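K.L.:
This is what each chain is made of:
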Amino acid sequence: MNAIYRLQAEVLNKEELIPGVFRIKLFSEEISRAAKPGQFVHVACGKGRDFILRRPFSIHRRLSGNAFEILFQVVGRGTEALSEVRLHDFVDVLGPLGNSFEIPPDLSSALLVAGGVGIAPLIFLADELNSRKVRFYAIQGATTQQRLFCYMDLKRLGRQIFATTEDGTAGHCGRATDLIHEVIKKSAPERIYSCGPEGMLKVVADVAAAFGIDCQVSVERRMACGLGACLSCVCQTRDGYRLACKDGPVFRAEELSWKA
Amino acid sequence: MNAIYRLQAEVLNKEELIPGVFRIKLFSEEISRAAKPGQFVHVACGKGRDFILRRPFSIHRRLSGNAFEILFQVVGRGTEALSEVRLHDFVDVLGPLGNSFEIPPDLSSALLVAGGVGIAPLIFLADELNSRKVRFYAIQGATTQQRLFCYMDLKRLGRQIFATTEDGTAGHCGRATDLIHEVIKKSAPERIYSCGPEGMLKVVADVAAAFGIDCQVSVERRMACGLGACLSCVCQTRDGYRLACKDGPVFRAEELSWKA
Amino acid sequence: MKPDLSVEIAGIQLKNPVMTASGTFGCGREYADLVDLKKLGAIVAKTVTLEPRKGNPPPRICETPSGMLNAIGLQNEGIDRFIEKEMPFLKKVGVPVIVNIAGDAVSDYVELCRRLSSVGDVAAIELNVSCPNVKAGGIAFGMHPGLVSEVVGACRRATGLPLIVKLTPNVGSVVGIARAAVGAGADAVSLINTVIGMSIDHNTFQPRLASGFGGLSGPAIRPIAVRMVWEVARELDVPIIGMGGVGDALDAVEFILAGATAVAVGTANFINPRATIDLIDGLEEFLIARGMDSVRDLVGKVKMDGSSPTC
Amino acid sequence: MKPDLSVEIAGIQLKNPVMTASGTFGCGREYADLVDLKKLGAIVAKTVTLEPRKGNPPPRICETPSGMLNAIGLQNEGIDRFIEKEMPFLKKVGVPVIVNIAGDAVSDYVELCRRLSSVGDVAAIELNVSCPNVKAGGIAFGMHPGLVSEVVGACRRATGLPLIVKLTPNVGSVVGIARAAVGAGADAVSLINTVIGMSIDHNTFQPRLASGFGGLSGPAIRPIAVRMVWEVARELDVPIIGMGGVGDALDAVEFILAGATAVAVGTANFINPRATIDLIDGLEEFLIARGMDSVRDLVGKVKMDGSSPTC
Ligand SMILES: Cc1cc2nc3c(=O)[nH]c(=O)nc-3n(C[C@H](O)[C@H](O)[C@H](O)COP(=O)(O)OP(=O)(O)OC[C@H]3O[C@@H](n4cnc5c(N)ncnc54)[C@H](O)[C@@H]3O)c2cc1C
Ligand SMILES: Cc1cc2nc3c(=O)[nH]c(=O)nc-3n(C[C@H](O)[C@H](O)[C@H](O)COP(=O)(O)OP(=O)(O)OC[C@H]3O[C@@H](n4cnc5c(N)ncnc54)[C@H](O)[C@@H]3O)c2cc1C
Ligand SMILES: Cc1cc2nc3c(=O)[nH]c(=O)nc-3n(C[C@H](O)[C@H](O)[C@H](O)COP(=O)(O)O)c2cc1C
Ligand SMILES: Cc1cc2nc3c(=O)[nH]c(=O)nc-3n(C[C@H](O)[C@H](O)[C@H](O)COP(=O)(O)O)c2cc1C
Ligand code: FES
Ligand code: FES
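These protein sequence lines are chains B, S, A and D, in that order. Heads up, the first sequence stops at 260 in the numbering used here, and the numbers go up one at a time, no gaps. Heads up, the second sequence stops at 520 in the numbering used here, and the numbers go up one at a time, no gaps. Heads up, the third sequence stops at 831 in the numbering used here, and the numbers go up one at a time, no gaps. Heads up, the fourth sequence stops at 1142 in the numbering used here, and the numbers go up one at a time, no gaps.
Quick caveat, the hints were computed from the structure, so don't treat them as lab data. Do not rely on the hints blindly, as some may be mistaken.
Stated by the list, open to error - Cross-link-like lysine to aspartate or glutamate pairs, in silico, EDC-like; alpha carbons within 16 Å at most:
hint, chain 1, residue 1, chain 2, residue 2
1, S, Lys307, B, Asp239
2, D, Lys885, B, Asp239
3, A, Lys823, D, Asp864
4, B, Lys246, D, Asp864
5, S, Lys519, D, Asp1079
6, A, Lys559, A, Glu804
For clarity, every value in this text was computed on a predicted model and none was experimentally measured.
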């Protein structure tokens, strides 16, 4: 088992990418060194005594050995409080947690499918694929052009990146899943990695199955401990409930029993 | 009845007088105009959803028509949160509340007795006495010299100011009440006004009674509404329970039934 | 078109479902500078008893995580002074006035009901049955279906005014108590009164309240209150006034979805004296945003699929 | 000189009064990276049942003001796997292991007790009686003195191990239930399990938990828990393990002053995985600062003067 750290990580950088979406760089040699793509950190947001639970965020990027980033969207109280941290504040972080995207040693091609802020963990993965010389394509979907976060990073790391926006402001007008057949045919990936809304993941899973391609998806569940102790975060799989925080957050798509 | 306002008051200034004691200047024409010495404001401290009650603070000074100050010591969560406000933040304030020190129109001399941060409302009172040309003496007690807050203000406004410190770093070594007999004899005040720890107030009340001098004291009680509605803040008086937030915080000393 | 906020409860027409919770708003007078009282759905006055009561010694309150404890001890000036001093003011406000009463014995409640029946302009009587029944050895009326039935039945015979029974959550089965109240003639129930709690100062080793115990209120108890509202709404056909940590429109929606026809705001008045008004405005916005015509369309509309045992 | 933190409860010697609350700490294994398990007073394992249980569908938790709701639904792999997989690990930790059990019928509890009696290295059994008794129509065992008496008595006859009965707060009189437990042979009681609650999403109109209801835990319920500990401590001569919103040493002191001999940390583990250890250190500091020799000198030392009725 890999070590888990709980530490106060200094905020080294904070960017508001678009209103309500933030990227925060945290200093931690331990977590940065140990982290693998797909893993997450469990963050104590806000100072109020009424924050009873941490909030999970994917490790978005690993930076030069001693820092890592998270990228998140403000959706509620916790993310709102976290968005108010200032440079050099300390953030209470637990991690790295969970399993990671599996990258077989002999993998030579892959397809990444990202929806919305689901892009967060896929950038770390893209980095890793790139450094392992795995050639990959990606489809990134968002509602609108300015929400295609890190599109340029993907461009830099991958072979060919397809964008989709629901309002047609960039790339294909529609959803990430609209392009998936076409891109699979074009790129013949050995493996598909995906993160995004559950509805999208299900479509990706179905298509991957139809093509007979291995597919891994990262899922979200409400979490308490983040450590596998409290059994809060179960996902229905073919083998019964499994824990998103420990057995996941990455699952093989065919394992999951999707809600109808 | 006087109007009560509930408003978001901008922080115009913030001083940390000594570690853990703050003076904050708040912008509010309404409250500043309406305020009378002895009244207080009820302040929503902190942003956490778990702050269920406001915190009461005396109006410490009225400044040029449209602002007022509070002076407070950090003793718990609420005051700690309040000490973290920054310039130009807005603070949710309810006030002015409560009755005030009674200043008879023909009053010609008075004695102020302040203990610790009990000095807060007495500065506003001193200002008022001064502008009404009431000659006053004051005894200010504190644990140590640097906690003789506003001593120079008192000096400027009053006739003669006696300091006491428990560690002897300034003035008389001992407590405010040590000097009270002597100062009464010397200054023959028509009235005594006092604010500070309940133990001190009781001694002041006893001495005032012995000399047959009218005495008003400002007391502290835990408060919920601050408006006289919830009956949280009762003080035992000779006429039964009365409300610190509405009938007080200023009471005639002889009215109060002190705890043994 | 503005959505319709009006509701009917216990035969009273309310222009909106937002009341004040007894004991947290005095008789409204103290809030008049800050709250346009006319806008309220109803005013529920502080508990009144037959004789004046001194109440408990201070400290009477303390803050707890997302809540507070109180032990006011029913301080009030008695029904005579209430009728003489407070009713004229309340009448003038022009919103339904609900008078909350308590007693040491069934006969106290009955006498209070009689007196209030002849006052005029009392819209309904709320029975606070969380208080100890002196004859029954100090056990709260509200803890036993038999006692509740007795006191509610007696009041029912004593007055033609609508009767609202305010239930205590300090019981094993709130449904059992509610059923007894309804069986004995209650027109509506209020849920919940405070949960008994205690807090101890680690410095002095003394309880933070002079009386030792107190009643827990505020957001901390909201999940308990919502659950009890739902339990009663599921089992019984009685209008419910929901309360316990209602602070804003979304909290109110939670109670209404669970089955409350109206809500009362208590502890929230302290941090936000305009909480009631903000809530009414917020409720209107909520309905507009969802294209709903009437708040009545929300009542009991929680979508319950499963209801597995919890443990 | 370091103060003495050791206590004895139900015949077990603990080096300090700090345990983990069942269900919040797994079997300790998951926390081993972060917590020096050897330092704990005791480990209380997650509830185990005779047969494996699947538990409730997700979402199983949600955050509430200063608290959380959970409806895990007793997911566990059953006693066989527990003995085989978890006990060897727990034995190796070297602190007293308390095994928490639950069942649908008295016979389940009895069988579990028998099985655990022969395992060795089980320091005590904690009976979770908050679960529905299937034979009694789904009413929780812990809600009726008669049912509690029956299940505790049967377990008492089935095992020589110390028996701790974990009481539910969802009752009118926790003292009545505790008395039944003690009468039937309980060596200690744990107070409190979670308070039943519910939370509804105003967007979807669905309960925030898939199972509808859940158990409320965390600081929000602390005043309720402290009160119940005090009520039981005042009336009965039984060691108490206090829990419900214990997060730090000062919280623990509150419970101990109220009458608890030991405390358990539940929900607080989630925000601070080292809460137990921080608490132990803080307790030592507390005693040192006050010049006290032993934590035992704090037990039940609340200074109660008045205890007026609250309402
Ligand atoms: C493994 C994992 C990785 C994630 N990575 C990211 C990421 O990189 N960027 C990002 O923006 N978001 C990510 N999320 C979602 C993120 O955790 C939620 O947006 C966040 O918890 C919301 O907290 P809140 O207090 O703002 O919202 P609220 O709705 O107020 O939260 C209430 C409670 O629900 C939980 N909750 C709410 N939404 C979610 C959710 N989608 N998943 C899990 N718990 C939720 C909260 O943690 C909290 O306990 C991830 C979730 C998981 C499980
Ligand atoms: C009319 C009035 C005027 C006051 N003026 C001043 C002033 O000018 N400067 C100053 O430093 N302090 C003043 N105080 C005391 C001040 O209100 C408390 O120090 C403050 O409420 C502490 O809050 P906390 O959250 O930091 O402490 P905590 O102990 O965490 O507070 C817990 C609860 O107890 C209440 N409480 C704690 N101490 C007191 C107290 N002494 N009086 C009333 N309630 C209390 C809090 O309001 C809160 O509800 C005044 C009190 C009253 C009643
Ligand atoms: C300070 C205070 C005083 C109260 N007094 C009474 C009372 O006199 N009669 C009554 O029936 N309920 C009384 N209550 C209970 C409230 O009416 C309400 O039922 C309870 O506080 C839950 O609602 P909340 O969480 O919104 O406060 C009081 C509550 C508080 C906080
Ligand atoms: C996620 C979660 C799971 C729990 N599981 C169990 C359990 O399996 N058995 C049990 O007896 N209590 C269980 N409890 C209750 C706790 O042991 C404890 O009694 C309660 O949470 C109050 O303590 P706290 O406020 O410190 O969490 C659980 C509590 C939580 C929050
Ligand atoms: S969050 Fe506790 S087991 Fe997954
Ligand atoms: S604080 Fe409510 S009456 Fe004084």
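K.L.:
For every hint, state whether the structure bears it out.
P.N.:
Now for the hints, and whether the structure bears them out:
1. S:Lys307 with B:Asp239: 45 Å, violated
2. D:Lys885 with B:Asp239: 11 Å, holds
3. A:Lys823 with D:Asp864: 41 Å, violated
4. B:Lys246 with D:Asp864: With Cα atoms ~14 Å apart, B:Lys246 and D:Asp864 stay inside 16 Å; holds.
5. S:Lys519 with D:Asp1079: At roughly 33 Å apart (the allowed maximum being 16 Å), D:Asp1079 and S:Lys519 break the hint.
6. A:Lys559 with A:Glu804: 13 Å, holds
Hints 1, 3, 5 from the earlier list are contradicted by this structure; the remaining hints agree with it.
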